[in-house]
Amino acid sequence: GENVEQHPSTLSVQEGDSAVIKCTYSDSASNYFPWYKQELGKGPQLIIDIRSNVGEKKDQRIAVTLNKTAKHFSLHITETQPEDSAVYFCAASKVNYGQNFVFGPGTRLSVLP
Amino acid sequence: SAVISQKPSRDICQRGTSLTIQCQVDSQVTMMFWYRQQPGQSLTLIATANQGSEATYESGFVIDKFPISRPNLTFSTLTVSNMSPEDSSIYLCSAGGVSGETQYFGPGTRLLVL
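These protein sequence lines are chains A and B, in that order.
Here the first sequence is numbered in this note's numbering, starting from 25 and rising by one per residue.
Here the second sequence is numbered in this note's numbering, starting from 103 and rising by one per residue.
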C-alpha cells in the first residue's frame, strides 16, 4: 500500500523567512496530494492541494510543487508569519479509485518573531 | 467547502463505558470518514461511513469496538465501545466528494478515558 514520508519533523524559521516541507510517496498511481494545517486544539484545515496533471500551484504565500518522476511534493510558505506556526500534514490519494488518504507523520513549524 | 461540526468537543469517560460522537455536515456529501489521532501523531483512518450500508473498516479496527451509523447524507455517528485508557485520543470526522477527494475535517472530539 501507499506510504508517505514527511521531512523535517520540526522546523523553526524566523518571521519573514521561507519554509519548505517535503513529502515522498511510494505509489506511482497516487494522483491527488493535499496539504493540511492543524493548529493546537483544532481539526486539520485544507490549505492547498495539487493533482498529478499539474506541476505547481500557488495561492498567495503558499505554493505546492509536484515531481511525479521522483514521487515527491513540497509545500513552500514565503514571508512566514507567527500565525503560520502549526503542524502541517501532507497526504496522498488515488481519487477515482475509491482510495483513502494516507497522511504523512506531520511537521511542526514554529515561526519565531 | 463543507462546514463540519462534532459533538461533544471533549469528554472524560470511565473505563468500560461507551461514548457516541456525532458529526454533522452543512451540506449533502457522498463520503464521510472517521479518523483517530493519538497525541502528537498523524491521522489514522478508522472507517468510511457509507450511507445506507455498513461502514468499511480499516485494518485493526472492528465494528464491535467502533460501530458507525450514517442515516443520511449529512450526519454520522461513531461509538467508542467498552473504553479503556488506550482509547484516549482525538476522534475526527471528515467529509468529501466522490472517492474522497478534497476532504474537510471537523474540529475533533478529545476523549480521555480514566
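Read the hints as simulated data drawn from the structure, not as lab findings.
Among the clues, some could well be false.
With a Cα cut of at most 25 Å, we get these calculated PhoX-like pairs of lysine-lysine [as the list claims (entries may be wrong)]:
{"hint": "1", "chain 1": "B", "residue 1": "Lys109", "chain 2": "B", "residue 2": "Lys167"}
{"hint": "2", "chain 1": "A", "residue 1": "Lys66", "chain 2": "A", "residue 2": "Lys95"}
{"hint": "3", "chain 1": "B", "residue 1": "Lys109", "chain 2": "A", "residue 2": "Lys82"}
{"hint": "4", "chain 1": "A", "residue 1": "Lys92", "chain 2": "A", "residue 2": "Lys66"}
{"hint": "5", "chain 1": "B", "residue 1": "Lys167", "chain 2": "A", "residue 2": "Lys61"}
{"hint": "6", "chain 1": "A", "residue 1": "Lys95", "chain 2": "A", "residue 2": "Lys61"}
What you are looking at is a predicted structure, and each value in this text was computed from that prediction instead of being measured.
### Hints that the structure is at odds with (numbers, increasing)
2, 3, 4, 5
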